[in-house]
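*Asks:* Could you put together the complete structure from these sequences and hints?
Residue numbers (my numbering): 16 to 78.
Wrong hints could be hidden among the right ones.
[Said to hold, decoys possible] Here are the simulated DMTMM-like pairs of lysine to aspartate or glutamate, each with C-alpha atoms no more than 20 Å apart in a straight line: (1) K77 - E51; (2) K22 - E36; (3) K77 - D55; (4) K24 - D55.
Hints in this document: simulated from the structure, not taken from any laboratory.
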Amino acid sequence: MLAIYGKLKNEKRFRMYNLKEDCFVERKIFVTLFHESQKDELQEDVDYMNKHNPNYIFELRKV
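*Replies:* Now the structure itself:
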């Protein structure tokens, strides 16, 4: 399973991202999970998010 993590550039820790609610979450139960087969499409989405949100850093990670 994969999830999107993100943080503000000045923060120390990455937090899990809930794509449906468009917010960061603290608990894994609220994170949006994706299957490994969607990795290429998700990486494009993460690249888009990084390009259009210069104050944030987003990453795709295994959960």
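*Asks:* Hint by hint, note whether the structure agrees.
*Replies:* Evaluation of the provided hints:
1. K77 - E51: Holds - the C-alpha atoms of E51 and K77 are around 9 Å apart, at most 20 Å.
2. K22 - E36: holds (16 Å)
3. K77 - D55: Given that 20 Å is the threshold and the Cα spacing comes to 13 Å, the pair holds.
4. K24 - D55: violated (24 Å)
Comparing the model with each earlier hint shows a violation of hint 4 alone; every other hint is respected.
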